[in-house]
Amino acid sequence: MKRTPHTKATVIIVVTLCLQLGVQAAKAQNQQDQHHSFQSRSEGSVAGEDHGMVGEGDKPVAKLSLDQFERRGMNGAAIEGDFSYGDDVNKVVLEVDFERGGGETEKNERWLVYSRSISKDWNFLAGFRHDLQRETTSRNWLAIGLAGETPYSLEMDAVLFLARNGSTAFRLEGEYDAKLAEKVSLVPRLELNFFGQNDEIAGSGSGLSQIETGLRLLYEIHPKFSPYIGVHHERVVGNAADFAREEGEKVYSTVWVIGFRVWF
Amino acid sequence: MTKPPRCGSVSRRTFVTGIGAGMALLGLPGFPNPARARVPPPTTLTGENFSLQVDQRAVNLTGQPRNAISVNGSIPGPILHWREGQTVTLNVLNQLDKNTSIHWYGIRVPNPMNGVPGLNFSGIRPGENFRYRFKVKQSGTYWYHSHSGFQRQQGLYGAIVIDPAGGDPVTYDRDYVVLLSDWSDESPQQIYSNLKKDGHYYNRRRHRTTTDLWRDVRAKGIEQTWRERHPWNFAGMSDRDVSDVTGYTYSYLINGQTPEDNWTALFAPGEIVRLRFINASAMTIFDLRIPDLDMTVVSADGQNIQPVRVDEFRLGTGETYDVVVKPSGDRAYTLFAQAIDRGGYARGTLTPAQNLSAEVPPMDPIPILDKRDMGFIRAGGARAADRQPTAEEQNAKLAPAGLGSNSPIVHQPTEKGHGVALRARAPQNGVDDPGVGLREHQQRHNRRILTYKDLRSLTPSLDRRQPQRELQLHLTGNPARYLWSIDGVKYKNATPILLAYGERLRITLVNDTLLTQPMHLHGLWSELETGDGEYLPRKHTVMVQPGAKISYLVNADNRGRWALHCQMLYRTYGIFREVRVV
Numbered sequence: 179m180k181r182t183p184h185t186k187a188t189v190i191i192v193v194t195l196c197l198q199l200g201v202q203a204a205k206a207q208n209q210q211d212q213h214h215s216f217q218s219r220s221e222g223s224v225a226g227e228d229h230g231m232v233g234e235g236d237k238p239v240a241k242l243s244l245d246q247f248e249r250r251g252m253n254g255a256a257i258e259g260d261f262s263y264g265d266d267v268n269k270v271v272l273e274v275d276f277e278r279g280g281g282e283t284e285k286n287e288r289w290l291v292y293s294r295s296i297s298k299d300w301n302f303l304a305g306f307r308h309d310l311q312r313e314t315t316s317r318n319w320l321a322i323g324l325a326g327e328t329p330y331s332l333e334m335d336a337v338l339f340l341a342r343n344g345s346t347a348f349r350l351e352g353e354y355d356a357k358l359a360e361k362v363s364l365v366p367r368l369e370l371n372f373f374g375q376n377d378e379i380a381g382s383g384s385g386l387s388q389i390e391t392g393l394r395l396l397y398e399i400h401p402k403f404s405p406y407i408g409v410h411h412e413r414v415v416g417n418a419a420d421f422a423r424e425e426g427e428k429v430y431s432t433v434w435v436i437g438f439r440v441w442f
Numbered sequence: 002m003t004k005p006p007r008c009g010s011v012s013r014r015t016f017v018t019g020i021g022a023g024m025a026l027l028g029l030p031g032f033p034n035p036a037r038a039r040v041p042p043p044t045t046l047t048g049e050n051f052s053l054q055v056d057q058r059a060v061n062l063t064g065q066p067r068n069a070i071s072v073n074g075s076i077p078g079p080i081l082h083w084r085e086g087q088t089v090t091l092n093v094l095n096q097l098d099k100n101t102s103i104h105w106y107g108i109r110v111p112n113p114m115n116g117v118p119g120l121n122f123s124g125i126r127p128g129e130n131f132r133y134r135f136k137v138k139q140s141g142t143y144w145y146h147s148h149s150g151f152q153r154q155q156g157l158y159g160a161i162v163i164d165p166a167g168g169d170p171v172t173y174d175r176d177y178v179v180l181l182s183d184w185s186d187e188s189p190q191q192i193y194s195n196l197k198k199d200g201h202y203y204n205r206r207r208h209r210t211t212t213d214l215w216r217d218v219r220a221k222g223i224e225q226t227w228r229e230r231h232p233w234n235f236a237g238m239s240d241r242d243v244s245d246v247t248g249y250t251y252s253y254l255i256n257g258q259t260p261e262d263n264w265t266a267l268f269a270p271g272e273i274v275r276l277r278f279i280n281a282s283a284m285t286i287f288d289l290r291i292p293d294l295d296m297t298v299v300s301a302d303g304q305n306i307q308p309v310r311v312d313e314f315r316l317g318t319g320e321t322y323d324v325v326v327k328p329s330g331d332r333a334y335t336l337f338a339q340a341i342d343r344g345g346y347a348r349g350t351l352t353p354a355q356n357l358s359a360e361v362p363p364m365d366p367i368p369i370l371d372k373r374d375m376g377f378i379r380a381g382g383a384r385a386a387d388r389q390p391t392a393e394e395q396n397a398k399l400a401p402a403g404l405g406s407n408s409p410i411v412h413q414p415t416e417k418g419h420g421v422a423l424r425a426r427a428p429q430n431g432v433d434d435p436g437v438g439l440r441e442h443q444q445r446h447n448r449r450i451l452t453y454k455d456l457r458s459l460t461p462s463l464d465r466r467q468p469q470r471e472l473q474l475h476l477t478g479n480p481a482r483y484l485w486s487i488d489g490v491k492y493k494n495a496t497p498i499l500l501a502y503g504e505r506l507r508i509t510l511v512n513d514t515l516l517t518q519p520m521h522l523h524g525l526w527s528e529l530e531t532g533d534g535e536y537l538p539r540k541h542t543v544m545v546q547p548g549a550k551i552s553y554l555v556n557a558d559n560r561g562r563w564a565l566h567c568q569m570l571y572r573t574y575g576i577f578r579e580v581r582v583v
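Heads up: the protein sequence lines correspond to chains W and L, in order.
Take the first sequence: its letter number 29 is residue 207 in this note's numbering, and every next letter is one higher.
Take the second sequence: its letter number 475 is residue 476 in this note's numbering, and every next letter is one higher.
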């Protein structure tokens, strides 16, 4: 894709925004830490227009979470996590989605999306996805989707991707947290990747192209930190499976995983 | 007859030798780290002039050294002992490096003395002194706390005891303040931040496990289990969401003492003891009882009521109850205050001798919410409307004073969207409901539980006027996102509620959440409509049961800018309205 001055400007704006957010978030975190001791800073803004509590209640929230940080089999790994910053309604989210299996990088995405609370359980997402791995139809996508929880507490993400060259993709992710005991959860997970076109280089095919499923057993050491073990299975289907067979590659793989989930 | 209230104290050594073995057998938490230090119990200050210094101090309540906020060096702050009719002057010096304030809870003061930053004054700046001065026009048990930031969570609270100008209708030989609070080693900012990121962070037992499910299926069959579970699972809610900050982080204190410290009050055989229970916690509703001892409640929120004999009562955040007991002289008794979610308890001892203590009972089962708490029971077929009432409904006659609201329940259009998780369809009147977790105690344990319906003022209602209008407010929220509001609008985006000076109106609170919400109205009395208009009890704090409604009458007889808000510290920023009497 050619870089026009217009896209350059966009990139600059986005980078500046990220940096600013980072600084702000660091500041917010710093404030939180410093509250542990009273000496550290004075807070001049408590009184005034509010009743002394609104100020505390309405501070923006910065959250860093890693949903998956894991080793996959002997030569694979996955990192899925995000950093969000914002108020009760509007948030900016930076997301990393990295997967490596069979000695090659299968996924290496950076997301920058705006997230807005639209209902009790759902957020609307809109933003960009940039892919760092080379073998793909497009490396820059517009992402529009929904993330939230369905009835019966099934966590879901549904995101539609549009590229400049007209390529389209759709990803549907679902996860359920089944509590076996107070601190033990069994988490089945399913990810479906659809494409609007064939892409032999990337190994993706039109329609349902790739399925990932996983089952992880988490033990909650701390509400913010749960190590886990499990299995991960992925397979390509349809046209994508044909491409894989032509290349002499395996259509599916099943590997063990070990990792942890953490948030701050 | 009346003696100044005091805080009994017993040395740590006495405690250890006295009941060490018993505690170990009961499986209570291990003995605290020897580095732990008791915070000195509050002193009692009397007179007309009071100097209060707000300062930080080091505390160690759990083995972890922390900073807290004290008044005159103690947590709770000193007990302020006033007399009805006197004019008190309170000089509050702020030694913190941030603004502070003191709000006199339940005290009817002129508006500028109320102590809410932004509404009544601009707060007390670091190093500054603020002089509160007002005439004391009431008697009973009250308290005070900071209305700035999260300072109440850090220890800035204390008791107020006011002797009546005339004779006291209550007879007693000993008088103790029993101030309940919650302490966390986490900073309040950290607690709030955790809640904002995961609203269920502190309710670690909220999930039904597959083991629970299996047990239910075996006991009730698949169909019945599904029928019971479906409304909760469909809504993504838990029937164990009775508390959002729990014993997972809190230690519960009586007069600043942990259960291990065991605050102790002495009595001589044959004496009648008055216990002034105050819930000064940040986020905890307590269920109180003294096993084997009859309690007679004689006062609610500082106002005398017709004595009621009970075995157990629920004390909402901000509420006070005065109880008289006549313990038999040969044994000790445990003051047992379980948190509503049974995640922990505060404990003290009432004893004729320092070396005596009583067994600490096990906690009751975790309360389970039912459909009633979701506001789902449709008794009488009257359903809540998602529309404005018709002119006909609006002009319908209001129910007579004392009976509570009979107006249609209306959910405002603002009660939509991401901030509201639930809307009660058919809220019941919560006045005769002991509350979740206490409803079966009569049958199961043969304990008589206090309900609001039992509260009848000792003296007849002063104002016999009928309410001229009714104000219906819905307490709303989305616990998962940790958003709270009234009618779906948080304080920041709300306009003040205007009351005309001299008017008498009915306020009906509808709780559209699963959490019990203690609502506090500043400056004006809340005359709780218990069904008996002749003897309306005057309260300053009213618990609204989940999925239920409750009404009280208000005389707008004190001009100024007041607050009506949820007393739960971390929900206050949303469930808050300015009430302006003009």
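If you're looking for bench data, these hints aren't it; they were derived computationally from the structure.
Cβ coordinates follow ideal geometry from the N, Cα and C atoms, glycine included.
Hints should not be assumed to be uniformly reliable.
[Stated by the list, open to error] With a cut-off of at most 16 Å between alpha-carbon atoms, the simulated EDC-like pairs for lysine to aspartate or glutamate come out as follows:
| hint | chain 1 | residue 1 | chain 2 | residue 2 |
| --- | --- | --- | --- | --- |
| 1 | W | K298 | L | D199 |
| 2 | W | K241 | L | D199 |
| 3 | L | K493 | W | D260 |
| 4 | W | K402 | L | D213 |
| 5 | W | K237 | W | E273 |
| 6 | W | K428 | W | E282 |
| 7 | L | K398 | L | D312 |
| 8 | L | K417 | L | D433 |
| 9 | L | K136 | L | D213 |
| 10 | L | K138 | L | D199 |
| 11 | W | K298 | L | D213 |
| 12 | W | K241 | W | E273 |
| 13 | L | K417 | W | E273 |
| 14 | L | K454 | L | E471 |
| 15 | L | K493 | W | D266 |
| 16 | W | K357 | L | D213 |
| 17 | L | K136 | W | E390 |
| 18 | L | K198 | W | D236 |
| 19 | L | K198 | W | D275 |
| 20 | L | K198 | W | E282 |
| 21 | W | K298 | W | E287 |
| 22 | W | K402 | L | D199 |
| 23 | L | K198 | W | D260 |
| 24 | W | K361 | L | D213 |
| 25 | L | K493 | W | D275 |
| 26 | W | K298 | W | E333 |
| 27 | W | K357 | W | E398 |
| 28 | W | K357 | W | E378 |
[Claimed, not checked] A few chain L residues that don't get close to chain W, going by computed Cβ distances all over 12 Å:
| hint | residue |
| --- | --- |
| 29 | T47 |
| 30 | G150 |
| 31 | N195 |
| 32 | K198 |
| 33 | H201 |
| 34 | T210 |
| 35 | E229 |
| 36 | H231 |
| 37 | L370 |
| 38 | F377 |
| 39 | S408 |
| 40 | V421 |
Evaluation of the provided hints:
no.: 1; hint: W:K298 with L:D199; verdict: holds, 14 Å
no.: 2; hint: W:K241 with L:D199; verdict: holds, 10 Å
no.: 3; hint: L:K493 with W:D260; verdict: violated, 29 Å
no.: 4; hint: W:K402 with L:D213; verdict: violated, 24 Å
no.: 5; hint: W:K237 with W:E273; verdict: violated, 22 Å
no.: 6; hint: W:K428 with W:E282; verdict: holds, 13 Å
no.: 7; hint: L:K398 with L:D312; verdict: violated, 39 Å
no.: 8; hint: L:K417 with L:D433; verdict: violated, 30 Å
no.: 9; hint: L:K136 with L:D213; verdict: violated, 57 Å
no.: 10; hint: L:K138 with L:D199; verdict: violated, 45 Å
no.: 11; hint: W:K298 with L:D213; verdict: violated, 27 Å
no.: 12; hint: W:K241 with W:E273; verdict: holds, 12 Å
no.: 13; hint: L:K417 with W:E273; verdict: violated, 29 Å
no.: 14; hint: L:K454 with L:E471; verdict: violated, 21 Å
no.: 15; hint: L:K493 with W:D266; verdict: holds, 13 Å
no.: 16; hint: W:K357 with L:D213; verdict: holds, 10 Å
no.: 17; hint: L:K136 with W:E390; verdict: violated, 72 Å
no.: 18; hint: L:K198 with W:D236; verdict: holds, 13 Å
no.: 19; hint: L:K198 with W:D275; verdict: violated, 21 Å
no.: 20; hint: L:K198 with W:E282; verdict: violated, 35 Å
no.: 21; hint: W:K298 with W:E287; verdict: violated, 28 Å
no.: 22; hint: W:K402 with L:D199; verdict: holds, 10 Å
no.: 23; hint: L:K198 with W:D260; verdict: holds, 13 Å
no.: 24; hint: W:K361 with L:D213; verdict: holds, 14 Å
no.: 25; hint: L:K493 with W:D275; verdict: violated, 37 Å
no.: 26; hint: W:K298 with W:E333; verdict: holds, 13 Å
no.: 27; hint: W:K357 with W:E398; verdict: holds, 11 Å
no.: 28; hint: W:K357 with W:E378; verdict: violated, 41 Å
no.: 29; hint: T47; verdict: holds, 29 Å
no.: 30; hint: G150; verdict: violated, 5 Å
no.: 31; hint: N195; verdict: violated, 8 Å
no.: 32; hint: K198; verdict: violated, 5 Å
no.: 33; hint: H201; verdict: violated, 9 Å
no.: 34; hint: T210; verdict: violated, 5 Å
no.: 35; hint: E229; verdict: holds, 14 Å
no.: 36; hint: H231; verdict: violated, 9 Å
no.: 37; hint: L370; verdict: holds, 17 Å
no.: 38; hint: F377; verdict: holds, 16 Å
no.: 39; hint: S408; verdict: holds, 27 Å
no.: 40; hint: V421; verdict: violated, 7 Å
Checked against the numbered hints given earlier, the structure breaks hints 3, 4, 5, 7, 8, 9, 10, 11, 13, 14, 17, 19, 20, 21, 25, 28, 30, 31, 32, 33, 34, 36 and 40 and satisfies all the rest.
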